[in-house]
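Asker: Protein chains in written order, with numbering that gives the first Met the number 0: chain A, 0 to 582; chain B, 0 to 130; chain C, 0 to 159; chain D, 0 to 596.
Quick caveat, the hints were computed from the structure, so don't treat them as lab data. Only a predicted model underlies this, so the values are computations on that prediction, with no experimental measurement involved. One or more hints might be untrue.
Unchecked claim - Computed list of lysine to aspartate or glutamate pairs in EDC-like fashion (alpha-carbon distance at most 20 Å, straight line):
no., chain 1, residue 1, chain 2, residue 2
1, B, Lys2, D, Asp131
2, B, Lys86, B, Glu62
3, B, Lys49, D, Glu39
4, D, Lys230, D, Asp261
5, C, Lys139, D, Glu19
Spelled out from the first residue to the last, the chains are:
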Amino acid sequence: MDTVNLTIDNKPVVVKSGTTILEAASGVGMHIPTLCHMKLDDLNIENKPGGCRICVVEVEGRRNLAPACCTDVSEGMKINTHSMRVINARRTVMELILSDHPFDCLICAKSGNCDLQDMAHNLGIREIHYKGEQSTYREDTSPAIIREVDKCIMCRRCETMCNEVQTVGVLSAINRGFESVVSPAFEMNLDHSVCTYCGQCVAVCPTGALTEVDETGKVIRALSDPTKTVIVQTAPAVRAALGEEFGMEAGSLVTGKLVAALRRLGFDHVFDTDFAADLTIMEEGTELLNRLGKHLAGDKDVKLPILTSCCPAWVKFFEHQFPEMKDIPSTARSPQQMFGAIAKTYFADQLGIKREDLVVVSIMPCVAKKYECGRDEFKTNDNPDVDHAITTRELAALIKLSNIDFTALPNEDFDNPLGESTGAGVIFGTTGGVIEAAVRTAYEVHTKKELPKLDFDELRGMEGIREATIDFDGLPIKIGIAHGLGNARKLLEDIQAGNSEFHAIEIMSCPGGCIGGGGQPYHHGDAGILKKRQAALYTEDKNKTLRKSHLNPHIIELYEKFLGEPMSEKAHHLLHTEYFDRT
Amino acid sequence: MTKIKTLADLRKMKEEAQSKIKLRENSANPDQVVQVKVGMATCGIASGAKETMKYFVEELEQEAIDAVVTQTGCMGYCYAEPTVEVKLPGKEPVVYGHVKKEKAREIIDSYIKRGELVDGIIPVSFKTIDD
Amino acid sequence: MPKIKLAENTVQLIKDICVEFENKESELINVLHQVQSKLGYLPAEVQEVIAKELKTSVAKVYGVVTFYSFFTMIPQGENPISICMGTACYVRGAEQVLNEFKRQLKVEVGESTEDGKFSINCLRCVGACGLAPVVTVGEKVYGRVAPTDVKKIIAEYHNR
Amino acid sequence: MTDYKMHLLICGGTGCKASESDEIKNRLNQLIHDLGLEDEVQVVLTGCFGFCEKGPIVKVLPDNTFYVQVSPNDVVEIVEEHIVKGRPVKRLLYTDPTNDKQISDSKGMDFYKKQIRIALKNCGFINPENIDEYIARDGYQALGKCLSELTPEEVIKEVKDSGLRGRGGGGFPTGLKWEITKNVENDQKYVVCNADEGDPGAFMDRSILEGDPHSVLEAMAICGYCIGADKGLVYIRAEYPLAIQRLKIAIKQAEEYGLIGDDILGTGFNFHIELRYGAGAFVCGEETALIHSMEGLRGEPTFKPPFPSVSGYMGKPTNVNNVETFANIPVILNKGAEWFSKIGTEKSKGTKVFALAGKINNVGLIEVPMGTTLREVIYDIGGGIKDGKEFKAVQTGGPSGGCLTKEDLDIPIDYDNLLASGSMMGSGGMIVMDENDCMVSIAKFYLDFTLEESCGKCTPCRVGNKRLYELLDKITQGKGEEQDIEKLKDLSVVIKDTALCGLGQTSPNPVLSTINNFEHEYHAHVHDGKCPAGQCKSLLRYDIVEDLCTGCTLCFRNCPVGAISGERRAPHFIDQTLCIKCGVCYEKCKFNAITLT
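Chain A with its partners taken away, still in its complex shape:
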């Protein structure tokens, strides 16, 4: 490939042609600040509107300043990234952004974690010289996401996520000039829109314009209510990310500390969603084998592929966008909801208390889980199976609020019976993990043989759409994997067109799967963090003695004592669900 010679701040640099100034500078240790620009390597996600103009640099011979994020280097270029002209321009642009931004940093949900705040600090803004009218908008609260549109700086990252990556199409820039802002159509509330609450907009917002609904207050209230037994479940992806909130290296596994922290917060029983993940495999795996069996027997009514259904944003996505296909996904509930259903029946019975007196809290990497636990079909007598779903970030806030020194905590173990899990449950937190867990169980159930090797490398990775054929002892099973709803849409359209040869497809709404969920600690545009979280989950899986869901002793016990067998009538009632046409 051709190379280009240039100088950046008087340093000679040689880079590949087609490199942007931003990338070239970064290569020599000059980190030009950016605000709207976001590039998630490996995920093929890029937001490059060139709109914020924070990254401008001086290029010798050019009339005006050049945006580093979208200007390619050229031979002989002489770039100055911090001349007086540049600094002056950059500061003025920042002042302009701030002049149309509320000054409530101290009480903003994003305070301390805000790209805008950091950058204003780094640019040494001490005064706004250009004050004037500020745009004001109505706040929009939905079951999962809050939009404080006053704080929108038109970086368009959320728009890119919502349209190009997720193809949900709820958010768009509207109006123009000073009035322009990112909004749903007709400035309607999110809960009137086709929003899936995947939370990817929240994950990338550089300000406090998009945040999750904060339910920590409700959790504190429940914990301090002496009449309630409060139990907690924690999703697989949480343990691979929570440490980041306490300054730990990305990819640190903090399962033991997490359990310890939850116990110190006052939860009566600390359980694991991984347990429910194993349960999901029992149900979903059985459903797959049933459908497959009928299909192989020539039953024309049975539909394949079967699609996973543990992701609530994905469920809402197809209910809105592909309602005619709502009989294809597995009817299995998500692990969060299976956990809630079992907790409020089986476990409440064990404790001898009424379901109303048992409060189930879940810690999720996800904002859509807040919406999911509020769905009517997951309630009995108006009492939800899961009472409150809080995000990894909210949990971190709770821990800080409760004066717990997280990093100094000892490692503790989950409680039983709903705390035991296998490695198969752990990898639910990454793209490819659910289907790998399902394969481990389905293979052994179907072939009645033990798997020679448990690591299915062909199902792992970060490619947006992956496919693999697994040999079920002579029966080739075709598997598809998609993460990111845009990728899911492609597979769905193939199915619609009759071009899909898959037997089973795993779909996760968030790029990377739950490790990249909208409720996780902010990645601030660094996709490397997601890969480290993913690696952490595979490590945890490897270190487990049990790595196949059907071998989880407490699952076996649950079926023996309570459910009977997978897909039994009771299982059907508690662990399966139906889908609705939401168009």
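Assemble chains B, C and D onto chain A, guided by the hints.
Answerer: Then chains B, C and D, alone, in the frame of chain A:
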């Protein structure tokens, strides 16, 4: 309409079309063509100016002389109607009185074609009839 | 926003227009032009139909509608009054004319009078700068309008 | 075939149509028919004559009689007097404002004397709805010659040699642009005509499209031949219904003659043209925004490179030129690059069309050779300042340009000189201002425009221009502070330096140029609380001179807010805290007892 199939056809078509707006082209560049102004006020019309004008238009056209024949108001020489002002490219205008068909013929043949002055000039010398 | 129910033939009309443009997303602006010329404005429900037909998101349609000043979501008055605010008209007093219209009709720019007879809009240069300031009512153009002419112009339409 | 002895040309441009030129045409036709003269007299509705100030215009050929401000009621007189009796209708002739002399032949009018018409050569001369008349004027000859006798390289060389530069504002060499697009390899390319003329007060492109649509179509096809495109798109403002209609007719006629379509003139070259409509967004004049708009998106500009020549409409190489640029092409190819390059200045060849507007006697459309001075344009062609007022400034380049002052009157107009004097060529709007125009208000007016037309994508334009506007507004309200003028300058410089597209980068120009040339006016507003031009209402003060007031109570009775008090037959008094400066008292007072300071 039929399609024009070649450049040659287009060129031919242009020539046909040009004749239709020749009057406009010539009026846009009157200095390059012969200008004939016929006094067409009441007095002129009564004295047969209309026929004179028609004669000029038709004859000049037939002989393919690029010319602009216009009518104008009373030139103030009612005694000599019909009056006609002729201006050759690059020359001062000349006004002729009592121009009927025969005189017009003479003006065309001698003055317009060969530039030889003809009898019957009304001495106006410095003013054109528009003033 | 009050929901309106579109008549079936209106929906069909919109669908037909979309078909005329092969239901192509890239023809959105042409479709919006056509639909607005038929219906007079582009209410939310209409945009929803268009989004569906062109297989795009309604947010995107709304984003486009609100970007271009030519598109409106508010029904126009029977007699849409437009005051040219191009430079030539401006320096020759268009603002005073506009204010007089606003005062007489008691509406702001972009609004319609209560009886639905008039609506006021500003536009940029109709290219009749020689007649500045220019006001159009429907198709009719009024040139060299002074604030004192406003009453007369309104009266022309009042009793129709 | 009828050989008409007399042609009546009626201006059918938007301006004159607004003044009922259609009705004039109908009545003329009717009367001529009634008199049985339809074989003698041809009535033609043409494009704009340019002399919009005095429209509607009726021109009688062959004698070139130029009637101004004709109303339908004048038709009878024109027919009876002029056509039948040959006597011009004197009262409808144009009167030269400088010497009160009536001029009958348009050739004698100063307005036309200094003009050279290339882009406008057919405007006001042919019937734009009749392709034959275009063909009669060498129409499609250039296309025919290119397709049959020249290679694309040869055509591009001719365009390059002519020195033609883009007339849309930037002044990029047209031939070079074509060459760049030609050299990008792709199986599909596009030619786009930018007819999204949005500068307030500019109507050059509209007039060309209305008066001579074929010239643009022909040029687009030539461009398509050169760059290897078989599809052309005209992006035109929806606000130009007449131009759209004429374009549609022209496309249809050209298609019927096979001059557009497949296998043009038997050469195997295919070229189709479609229309795309703007929807009221000035920023769509910027080529990347225009392309997005054509794709059905919000008209937001994107960073260049990639330039449209490489990746444009639908991601394909696209050559975008504006209307006036295209209109020059057939003439250049017919008359030769050498002929064209002799007109104009060293670096700016040919002519430029300007829309003259504002406080000038002859508002209208003119075309002058590059290098003509502002003085010639304003005083000779434009007939000087209206109402004998004093010239103050002229704004060129619209909201992206700047103002030029008395000192600049003798600068020969071309791209480089205008830039050097702090303005720019722009698309050709020229707004003349007189002593009564407040330059701070003018800057505010342009900022208001930019603000409303900003797409909102980049911070400097979205927020920066808002802040500039607010500062200007503050100053015109008399609330300006010492540091505000500096702030205006500083912020303007940063916006120019950092905005994403041409609209944003040039939006502070009116501010900078009015500060550069009229800083004293800004100071007067800020320091003395005065608007020297007497335009900023908040800074006006009406007072009653006691000695002159007779106590007639007329002002008292007319004041809409009750700000005036006083006894009958005793001097009255204005309460400045209540006064809204509407000026009614000033107008009503019969004794000149009210002063305005």
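Asker: Starting from Lys230 (chain D), check that the Cα of Asp261 (chain D) is at most 20 Å away, please.
Answerer: Status holds; Cα separation ~11 Å.
Asker: Is it true that the CA of Lys49 (chain B) sits at most 20 Å from the CA of Glu39 (chain D)?
Answerer: holds (13 Å)
Asker: Has the given pair, Lys2 (chain B) with Asp131 (chain D), been kept, meaning a C-alpha gap of at most 20 Å?
Answerer: Holds. Lys2 (chain B) to Asp131 (chain D) sits at ~13 Å (cutoff 20 Å).
Asker: Do the alpha carbons of Lys86 (chain B) and Glu62 (chain B) lie within 20 Å of each other, as the hint requires?
Answerer: The hint holds at about 18 Å.
Asker: Keeping to a limit of 20 Å between CA atoms, is the pair of Lys139 (chain C) and Glu19 (chain D) held or broken?
Answerer: Holds, at roughly 10 Å.
Hint compliance for this structure: no hint is broken.
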